[in-house]
Amino acid sequence: MHTITLQEGADLDGFRRAVRRLTAARTAPEEVLWSVGAPSLFGDDALASDADAPVFLPQAVGPLIETVVCHGDPERYALLHRLVWRVLNGERALLDQHADPLVHRLERLDKAVRRDIHKMHAFLRFRALPPTAPGPEGGERYVAWFEPDHHIVEAVAPFFVERFESMVWTILTPKGSLHWDRRRLMTGPPAERPDALAHDRVADDRFAEGWLRYYESTFNPARVNPTAMRAEMPRKYWANMPETAAIPAMVRSAPARVQAMLEAEAAIPRRRMPEKAVAAMARQAPESLADLNRLIQRSEPLVPGATQAVLGEGPEGAAIAIVGEQPGDQEDRDGRPFVGPAGQLLTAALEEAGIDRESLYLTNAVKHFKFVQRGKRRIHQSPTAGEVKHYRWWLMTELGFVRPRLVVALGATAALALSGRPVSVLRERGPMAFDGWNGFVTVHPSYLLRLPGDEDRRRAQAEFVADLRRAAALA
Amino acid sequence: MDDALIEKLGILADAAKYDASCASSGAKPRRGGTEGLGSTTGAGICHAYTPDGRCVSLLKILLTNHCLFDCVYCINRRSSNVRRARFTVAEVVDLTLGFYKRNCIEGLFLSSGIIRSPDHTMEQMMLVARTLRRDHGFAGYIHLKTIPEASPWLIEQAGLWADRLSINLELPTDHSLKAFAPEKNGGTIKAVMGQVNERIVEAKEERRRFSPAGQSTQLIVGADDATDRLVLETSGTLYQRYGLRRVYYSAFSPIPEASSVLPVKPPPLQRENRLYQADWLLRYYGFTVEEIASGGEGGMLDLGIDPKLAWALKNRERFPVDVNRADREMLLRVPGLGARAVDKILSARRHTRLRMEDLGRLSSGLRRARPFLIAADYHPVGGLTDRLDLRQRLVTPSRQLSLF
Numbered sequence: 001m002h003t004i005t006l007q008e009g010a011d012l013d014g015f016r017r018a019v020r021r022l023t024a025a026r027t028a029p030e031e032v033l034w035s036v037g038a039p040s041l042f043g044d045d046a047l048a049s050d051a052d053a054p055v056f057l058p059q060a061v062g063p064l065i066e067t068v069v070c071h072g073d074p075e076r077y078a079l080l081h082r083l084v085w086r087v088l089n090g091e092r093a094l095l096d097q098h099a100d101p102l103v104h105r106l107e108r109l110d111k112a113v114r115r116d117i118h119k120m121h122a123f124l125r126f127r128a129l130p131p132t133a134p135g136p137e138g139g140e141r142y143v144a145w146f147e148p149d150h151h152i153v154e155a156v157a158p159f160f161v162e163r164f165e166s167m168v169w170t171i172l173t174p175k176g177s178l179h180w181d182r183r184r185l186m187t188g189p190p191a192e193r194p195d196a197l198a199h200d201r202v203a204d205d206r207f208a209e210g211w212l213r214y215y216e217s218t219f220n221p222a223r224v225n226p227t228a229m230r231a232e233m234p235r236k237y238w239a240n241m242p243e244t245a246a247i248p249a250m251v252r253s254a255p256a257r258v259q260a261m262l263e264a265e266a267a268i269p270r271r272r273m274p275e276k277a278v279a280a281m282a283r284q285a286p287e288s289l290a291d292l293n294r295l296i297q298r299s300e301p302l303v304p305g306a307t308q309a310v311l312g313e314g315p316e317g318a319a320i321a322i323v324g325e326q327p328g329d330q331e332d333r334d335g336r337p338f339v340g341p342a343g344q345l346l347t348a349a350l351e352e353a354g355i356d357r358e359s360l361y362l363t364n365a366v367k368h369f370k371f372v373q374r375g376k377r378r379i380h381q382s383p384t385a386g387e388v389k390h391y392r393w394w395l396m397t398e399l400g401f402v403r404p405r406l407v408v409a410l411g412a413t414a415a416l417a418l419s420g421r422p423v424s425v426l427r428e429r430g431p432m433a434f435d436g437w438n439g440f441v442t443v444h445p446s447y448l449l450r451l452p453g454d455e456d457r458r459r460a461q462a463e464f465v466a467d468l469r470r471a472a473a474l475a
Numbered sequence: 001m002d003d004a005l006i007e008k009l010g011i012l013a014d015a016a017k018y019d020a021s022c023a024s025s026g027a028k029p030r031r032g033g034t035e036g037l038g039s040t041t042g043a044g045i046c047h048a049y050t051p052d053g054r055c056v057s058l059l060k061i062l063l064t065n066h067c068l069f070d071c072v073y074c075i076n077r078r079s080s081n082v083r084r085a086r087f088t089v090a091e092v093v094d095l096t097l098g099f100y101k102r103n104c105i106e107g108l109f110l111s112s113g114i115i116r117s118p119d120h121t122m123e124q125m126m127l128v129a130r131t132l133r134r135d136h137g138f139a140g141y142i143h144l145k146t147i148p149e150a151s152p153w154l155i156e157q158a159g160l161w162a163d164r165l166s167i168n169l170e171l172p173t174d175h176s177l178k179a180f181a182p183e184k185n186g187g188t189i190k191a192v193m194g195q196v197n198e199r200i201v202e203a204k205e206e207r208r209r210f211s212p213a214g215q216s217t218q219l220i221v222g223a224d225d226a227t228d229r230l231v232l233e234t235s236g237t238l239y240q241r242y243g244l245r246r247v248y249y250s251a252f253s254p255i256p257e258a259s260s261v262l263p264v265k266p267p268p269l270q271r272e273n274r275l276y277q278a279d280w281l282l283r284y285y286g287f288t289v290e291e292i293a294s295g296g297e298g299g300m301l302d303l304g305i306d307p308k309l310a311w312a313l314k315n316r317e318r319f320p321v322d323v324n325r326a327d328r329e330m331l332l333r334v335p336g337l338g339a340r341a342v343d344k345i346l347s348a349r350r351h352t353r354l355r356m357e358d359l360g361r362l363s364s365g366l367r368r369a370r371p372f373l374i375a376a377d378y379h380p381v382g383g384l385t386d387r388l389d390l391r392q393r394l395v396t397p398s399r400q401l402s403l404f
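Same order as they appear, the protein sequences are chains C and E.
Numbered according to my numbering, the first sequence spans residues 1 to 475.
Numbered according to my numbering, the second sequence spans residues 1 to 404.
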């Protein structure tokens, strides 16, 4: 018989080393007696070999061991050893056999530990301590006291570090403690309940007091059901949750509160019917283009990038509205549409077609410049279909104020925004009915800039000018 | 936090509590790091339970309970004499951060009465979410109750900041809505659900973040005369057409300052419970609304037994089911067997022929399942499912003799 002594608490390392040695020595579970006490001892010399070779176990076994070693059950190591032994001796799929008594028992231990971890994540309460000395970030410090059933203090640490990484906090429990200083996690010995966290000290932290009020107010006395509450929040946790002090009074007063509600006659409104306000409520839509523009300007970009919104430009009542894709690098800096290279090309083409740019209304389907930063350059990114839709209501409302006779879509993005469907520009260029507007589709001038051959570009440019002339004639 | 703010918190939490939804699940993992605050993990956490058995996960408050609408079922309607209060954007932000730092909540669930206009109200709510995320690096959960009468651009903006958007349908038919909520319109509400669903689907495809935990809604049960069948048909349509994550059912409960239009007696809370059970059968157990409704009478679910048992008792010819042979679909229809138990059965029976003793370790609902099962060592004699008193045997808990 071998006696193996592991450390108090969840001694995963000790258990792993012991299992490696036991497996190397082919020691059956019946020959091992597990006990707990510091420091860990592996009994006789037969096992104290340096046979620390890893034991290969099916994937699901590792996580189960990690959880179950946290359990308070003194038999946990013996049970886990039996599991490892059986898995290594012909029962690789043992964990699938949920009806096997050993597996069933281990699953229950596993579940109990998980529940304990979950409840500690949920029911632990931090209290803000008054700053004693000017520490980092104004010296805000938080401390919590909790009494877990099992040895889970280290298992819960990642959750609290991740969630409260920017705070300085201490968690004290009878099974060990944790301290986080915004950079490092320190584990400490078991602790006792600090005086600062006693129930009657709620008033030290106004938020704790506010929380109590919230808890009382969010309760619906017409649905009182303390059994359901206790099933999820057993009494053993109450001592460390300040809000639970209010429970007895809440339950006691509930029937009377409900009775009062049922008996109360439907009351006549004390205040006059706010007729004016109700009528005014309907007038919420922007009443002018300037209204709409203010609203766009104060909104968050719906694409990544963008330093500012680039609004439409031109007279309301313009015969033609031209809609591009989105502002580019230059437009984003200047805050005006069509002032970059593509805009200059558009201006030139309009001139060639005999159209006065000043008479047009110019805008974009997407009001912000979407880009990625590469070094010093800001690289244009096409908006996705979903992003175009985020902006669609603004565009349609804008056109509603301008009321052009014709809306010209430059490129596929504008055509998508205006028609609500994907459009192949080269195949469908020309007149097209948009959502409530007479429309016309042609290429975006940036397409001309991208064409490689001079010959191709000249021809495409001539076609673009011809399109603009046709559009002007339609308007 | 001064006394006045605590007082307002009391009023505006009280005013918000009739919304049943509290879930903080489904968000994509996110963390605030050393500069921000908080995290979401995907699974929600209930940080406390109140004596009504409901979970406290999010700080559920209204921005204000002043309201220009006059929905009769609502305590905050304009004609109610309830005490009114109004938070500023900064106050809601401070409360959320303060409670979050104390590990009291997973985040914020913000709703509001309609002040000035739906747009103005929605914009204030959106500003709360934006301030939390942008100015404080808040990475906790944010659920925004969407005001369907607000302009579409506000929805587009709200989805940038919120983990979940919800739009309450409140009543299952346009007829009831017209009668009880004169400022609301079923068509408007569904149009917004459609808009939100479209954006969520697109963002998911394009790997962008837009209300990543989806959208949900709430139906009030028992304020109008809609049957359970009608309620479930409505839910079925909402799940299919708008990709809703959850439909919440809120049994109309008495409110202070009740309107005289409302039923005097509230519906039994059990009705809400049965609807939730039916909702699960609809989503996870492969039942149709028709099948669920057939378990009850006249379009109402049986209040005495759960809807799965009700269906089984009316379809006895399909039982008993052999746990060692039946497919997943049929096992899921056995009363007392949940989806987890069924999966364990399927995995365990590959290795061994299951006996009753084994099943006892796989399922905690064996007492109810027993008459409907065949196991390796158990075959109900004379067809237990044919007994007329089966229902009685299953609903009355087996009592032990008391000894004097």
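Note that these hints are calculated values from the structure, not bench results.
We put the CB at the ideal spot given by N, CA and C, even for glycine.
Don't take each hint at face value.
[What the hints assert, rightly or not] Keeping only pairs whose Cα atoms sit at most 27 Å apart, straight-line, the calculated DSSO-like set for lysine-lysine is:
no., chain 1, residue 1, chain 2, residue 2
1, E, K184, E, K204
2, C, K276, E, K28
3, C, K111, E, K28
4, C, K276, E, K204
[Said to hold, decoys possible] Quick partial rundown of chain C residues pointing at chain E, CB under 10 Å, derived from the structure:
no., residue
5, A53
6, R125
7, L212
8, Y214
9, M229
10, A256
11, G335
12, R336
[Said to hold, decoys possible] Footprint (simulated), chain E over chain C, 3 or more residues, beta carbon under 8 Å:
no., region
13, 320-328
14, 388-398
Verification of the supplied hints:
no.	hint	verdict
1	E:K184 / E:K204	violated, 30 Å
2	C:K276 / E:K28	violated, 44 Å
3	C:K111 / E:K28	holds, 25 Å
4	C:K276 / E:K204	violated, 43 Å
5	A53	violated, 29 Å
6	R125	holds, 6 Å
7	L212	holds, 9 Å
8	Y214	holds, 5 Å
9	M229	holds, 4 Å
10	A256	violated, 13 Å
11	G335	violated, 20 Å
12	R336	violated, 22 Å
13	320-328	violated (count 0)
14	388-398	holds (count 5)
In this structure, the hints that do not hold are numbers 1, 2, 4, 5, 10, 11, 12, 13, in rising order.
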